[in-house]
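Colleague: Sequence:
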Amino acid sequence: MASGQPTQEVLGWLTERGWFPGRDIGEQAEELVRVRLQDSERQGVPLTPVSAAVRFIHTYGMLRLDHPKASGCAWVMKPTIGYDGDAGNIKELGAGLGVELFPVGYEASEFGILLVDGRGRLFHLHHTGGYYLGADAFDAFSRFVEGLPDLDAEDFYVQ
1 MASGQPTQEV
11 LGWLTERGWF
21 PGRDIGEQAE
31 ELVRVRLQDS
41 ERQGVPLTPV
51 SAAVRFIHTY
61 GMLRLDHPKA
71 SGCAWVMKPT
81 IGYDGDAGNI
91 KELGAGLGVE
101 LFPVGYEASE
111 FGILLVDGRG
121 RLFHLHHTGG
131 YYLGADAFDA
141 FSRFVEGLPD
151 LDAEDFYVQ
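Going by our numbering, the residue at position 104 of the sequence shown is 104; the numbering climbs one at a time, nothing skipped.
The set of hints was computed from the structure by calculation and includes no laboratory data. Certain hints may be false.
What the hints assert, rightly or not - Pairwise CB distance ranges (calculated):
no., residue 1, residue 2, range
1, Arg64, Glu31, 17 to 25 Å
2, Glu16, Glu92, 32 to 40 Å
3, Arg64, His127, 30 to 38 Å
4, Arg42, Glu16, 20 to 28 Å
5, Gly18, Gly147, 19 to 27 Å
6, Asp152, Glu27, 35 to 43 Å
7, His127, Lys69, 19 to 27 Å
8, Asp84, Ser109, 15 to 23 Å
9, Pro68, Val45, 34 to 42 Å
As the list claims (entries may be wrong) - For lysine to any residue, the following SDA-like pairs were computed, each having C-alpha atoms within a straight-line distance of at most 25 Å:
no., residue 1, residue 2
10, Lys78, Val158
11, Lys91, Ser51
12, Lys78, Thr59
13, Lys69, Ser51
14, Lys91, Lys69
15, Lys91, Arg55
16, Lys78, Val99
17, Lys69, Glu27
18, Lys78, Leu63
19, Lys69, Glu146
20, Lys69, Gly44
21, Lys78, Glu146
Bear in mind the structure is a predicted one, so any value in this text is a computation, not a measurement. Built from N, CA and C at the ideal position, the CB exists for glycine as well.
Take the sequences, apply the hints, and build the full model.
Modeller: Printed below as a string of structure tokens:
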């Protein structure tokens with residue numbers, strides 16, 4: 001379900017964590033993208049900064065989005081956190097999905113990587129596999145706040 005607009009609950013949750021309509025971290029977002037690109041190049045697997053992911057970083061970058069009910073569970077919107085070899089894993093997940101993916105943050109409890117594709121869909125690269133988080137930012141945030149289970153990314157693979 002692509003929402004396009006946040007529910008009042010999600011809007012309040014985002015606002016309490018520092019987001020506001022029109023938020024843009026400007027040059028800081030560009031620096032975060034540059035750092036992530038340099039790291040993927042160092043790994044020998046260059047990533048592509050898809051425009052939807054760059055917009056996402058401009059809008060939500062550097063926010064810590066703590067889950068309202070699950071202590072210790074948070075999405076941290078900092079794309080520069082990863083692990084050695086993650087660029088290859090990101091490319092592999094993207095190949096299965098038939099899209100380019102770019103990191104936008106990480107999940108704080110287990111450091112899974114949050115990714116956005118060119119259509120604005122969010123995915124989670126976890127050590128147990130890839131997961132679909134939502135059709136767009138507000139859909140993913142709604143699913144997160146409501147505690148809905150992540151869907152298996154393989155259900156979204158191209159045939």
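Colleague: Each hint needs a verdict: does it hold in this structure or not?
Modeller: Here's how the hints hold up against the structure:
1. Arg64 to Glu31: 17 to 25 Å: Roughly 18 Å apart at Cβ, these two residues keep to the hinted range, so it holds.
2. Glu16 to Glu92: 32 to 40 Å: Between Glu16 and Glu92, where Cβ atoms are some 36 Å apart, the hint holds.
3. Arg64 to His127: 30 to 38 Å: violated, 21 Å
4. Arg42 to Glu16: 20 to 28 Å: violated, 37 Å
5. Gly18 to Gly147: 19 to 27 Å: holds, 22 Å
6. Asp152 to Glu27: 35 to 43 Å: holds, 37 Å
7. His127 to Lys69: 19 to 27 Å: Once the Cβ atoms are compared, 24 Å apart, the range 19 to 27 Å for Lys69 and His127 holds.
8. Asp84 to Ser109: 15 to 23 Å: holds, 20 Å
9. Pro68 to Val45: 34 to 42 Å: holds, 36 Å
10. Lys78 to Val158: This hinted pair is violated, its Cα atoms lying about 28 Å apart.
11. Lys91 to Ser51: holds, 17 Å
12. Lys78 to Thr59: This hinted pair holds, its Cα atoms lying about 12 Å apart.
13. Lys69 to Ser51: violated, 32 Å
14. Lys91 to Lys69: violated, 33 Å
15. Lys91 to Arg55: holds, 20 Å
16. Lys78 to Val99: Between Lys78 and Val99 the Cα gap is close to 21 Å, so the pair holds against 25 Å.
17. Lys69 to Glu27: violated, 33 Å
18. Lys78 to Leu63: Holds - the C-alpha atoms of Leu63 and Lys78 are around 8 Å apart, at most 25 Å.
19. Lys69 to Glu146: holds, 9 Å
20. Lys69 to Gly44: violated, 40 Å
21. Lys78 to Glu146: holds, 23 Å
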